[in-house]
Amino acid sequence: MLGDDDLNLRDMTDEELDAAWDLWFDLAQATNDSDPPYTHGVFVNLTWDDVALPDDGRPDAP
Amino acid sequence: MSRNAYFDLTDAFNQDGRIVLLASGQAVVHYRLAIMSKDGDWIVRETDAACRRVRTVLAERRARYRPGAPLDPRWLAGGWSSHFELTDDGGRRLRCDFFSRPPRVSPQDLEALFAASEAPAVVDVESLIRMKRTQRAKDYPVIGELARLLPPDRELELTTDPDRVIELAPRYASDRPAARAAREGRLALVLALAAEADRLQQDDRRRVDVYERASEPFLRAFRELDRDALALPQSHDRLCRLAERLLPMTVGEPGREDAR
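Quick mapping for you: the protein sequence lines, in order, are chains A and B. Here my numbering is used: the first residue of the first sequence is 1, the next is one more, and so on. Here my numbering is used: the first residue of the second sequence is 1, the next is one more, and so on.
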């Protein structure tokens with residue numbers, strides 16, 4: 001998870017770090033529909049079954 | 001070129017004074033350790049003015065509430081978290097999470113961070129490590145990397161990396177069981193670190209379970225709301241009224257007094 005490429009973040013300029021984050025964030029949008037509903041906070045154990053709204057458009061939405 | 005959208009939001013929230021501190025995954029980016037989180041998490045000052053400012057910035061960006069507590073000091077003070085989602089100009093989904101009582105961080109440490117207005121508005125490394133002591137196994141290798149940023153005596157107290165404990169334990173005094181186990185050999189050390197991580201994970205799971213059970217009636221009602229009803233700013237008052245009926249402001253979190 002924390003390979004040499006990750007640790008090389010320390011050698012980047014601020015601009016390079018922003019560019020790397022921006023590219024990664026663009027690519028990471030591809031997994032939006034399969035992300036867990038929460039990654040932090042006190043609702044972190046809830047599933048989509050627990051929190052999906054009727055018009056969420058997810059396959060498992062009620 | 002775009003800047004990290006969550007760094008930009010942090011600046012916008014704090015434009016008129018420091019009211020939020022960037023935490024969790026984007027703080028890990030700030031410390032240049034890894035890019036591994038799609039969400040933004042902030043510690044927000046537990047005041048009406050701070051919550052109002054955050055809601056205003058989010059409303060300007062057409063954010064809407066996700067299931068969670070209202071962004072209001074009455075619930076934040078009880079340890080609850082508030083959650084929002086918005087779409088940026090590039091069509092990308094941003095998720096924004098807020099809390100004012102991060103687990104395992106003392107109020108004194110938090111107050112010092114908010115007072116240090118010249119420093120970046122980011123949670124300090126040691127507090128970040130304490131917040132990362134969650135039920136998720138994937139947070140523990142990150143703790144080891146974060147601990148490398150600390151002075152060596154503090155690294156010994158907090159690292160999850162057995163190689164670092166082996167290197168540091170002979171040089172610094174410590175009452176940490178893992179540091180003592182290092183004198184008995186690598187296997188004893190690894191077992192001590194695993195036991196410590198398991199205890200922390202179980203503690204966090206118990207803590208979160210209390211909130212999950214207490215939120216069930218509220219979340220059931222929340223799911224009956226239509227999406228348009230969740231857009232800021234108009235959704236806030238409606239959500240507060242719902243929470244006043246169905247979401248307890250305090251839940252008796254296990255071990256909380258000890259942790260703080």
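If you are wondering where the hints come from, they were derived from the structure by calculation, not from laboratory data. Note that beta-carbon positions come from the ideal geometry of N, C-alpha and C, so glycine has one too. Watch out, some of these pointers could steer you wrong.
[Unchecked claim] Computed from the model, here is a short list of chain B residues facing chain A with C-beta under 7 Å:
id, residue
1, SER2
2, ASP41
3, PHE114
4, ASP153
Evaluation of the provided hints:
This hint holds: SER2 (chain B) has a C-beta 5 Å from the nearest C-beta of chain A, less than the 7 Å allowed. Here the hint on ASP41 (chain B) is kept, as its CB sits about 5 Å from the closest CB of chain A, short of 7 Å. Because the smallest distance between the Cβ of PHE114 (chain B) and any Cβ of chain A comes to about 19 Å, over 7 Å, the interface hint for this residue is violated. With a cut of 7 Å, the hint placing ASP153 (chain B) at the interface with chain A is violated, because the nearest CB-to-CB distance is about 22 Å.
Comparing the model with each earlier hint shows violations of hints 3 and 4; every other hint is respected.
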